[in-house]
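Given these sequences and hints, build the entire structure.
Going by the working numbering, the sequence shown opens with residue 8, and the numbers climb by one from there.
Treat the hints with care, since some could be wrong.
The list that follows gives simulated cross-link-like pairs (lysine to any residue, SDA-like), each with its CA atoms no further than 20 Å apart [unchecked claim]: (1) Lys121 / Tyr105; (2) Lys90 / Val123; (3) Lys77 / Leu100; (4) Lys44 / Arg14; (5) Lys77 / Ser92; (6) Lys144 / Thr165.
Simulated from the structure, these hints should not be mistaken for lab results.
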Amino acid sequence: MIVNDERLTADTMKEDIPWEQYGITQVFTAYDTEDGKECINNHPIDIMLCDIEMPGENGLALLRWVRENKKDIECVFLTCHAKFSYAQEAIGLGCQDYILIPAKYEDIGETILKVVNRLKEKREASRYHEYGKYMLKEQIKQDQEEKNIPEKTAGIITQSIMKNITNCE
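And the structure:
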């Protein structure tokens with residue numbers, strides 16, 4: 008999703024950047040933070056390419072709202088504002104990158120590709136983690152059946168292992 012109060016900029020980026028080349032299949036545009044929130048609530052958004060300075064709430068406020076609402080969205084700020092305080096807050100909110108404009112579309116694309124690859128790695132690790140938890144539960148269940156371990160003991164063992172797995176993440 009591209010969030011930028013300059014409609015021409017947002018629309019041109021949507022049309023001119025070869026998104027498919029970077030693994031993006033659908034691009035939405037929003038022209039202020041309220042449009043951005045509505046888009047996020049109505050569509051599956053993975054990456055938000057966002058301006059910082061906009062009328063009303065700024066892009067940092069939108070990212071703050073994303074985090075407060077526990078939306079799993081990666082953010083890249085694209086802005087002409089090189090203020091250190093903006094960059095510092097953006098990093099604190101978990102922004103993936105901060106691109107100063109003017110920027111070439113190729114540079115924006117390379118940044119987006121890095122974020123796409125990070126998302127793929129993160130999702131793959133999550134799938135392996137869930138699969139591992141499932142296999143552990145199945146193994147304990149099988150051991151319990153084979154060795155006639157009381158259900159209460161098996162539950163305590165499972166909880167302890169799951170707690171330690173979660174602490175390792």
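Hints, verified against the model:
1. Our distance criterion of 20 Å between C-alpha atoms is met by Lys121 and Tyr105, whose separation comes to about 13 Å.
2. This hinted pair does not check out: Lys90 and Val123 have alpha carbons roughly 27 Å apart, beyond 20 Å.
3. Under the criterion of a C-alpha separation no larger than 20 Å, the hint pairing Lys77 with Leu100 is consistent with the structure, at around 12 Å.
4. For the given pair, Lys44 sits about 17 Å from Arg14 by alpha-carbon distance, which is consistent with the 20 Å threshold.
5. With a C-alpha separation of about 24 Å, the suggested pair Lys77 and Ser92 falls outside the 20 Å cut-off, and the hint is violated.
6. Among the hinted pairs, Lys144 with Thr165 is consistent with the structure: their alpha-carbon atoms are about 7 Å apart, no more than 20 Å.
Checked against the numbered hints given earlier, this structure breaks hints 2, 5; the rest are met.
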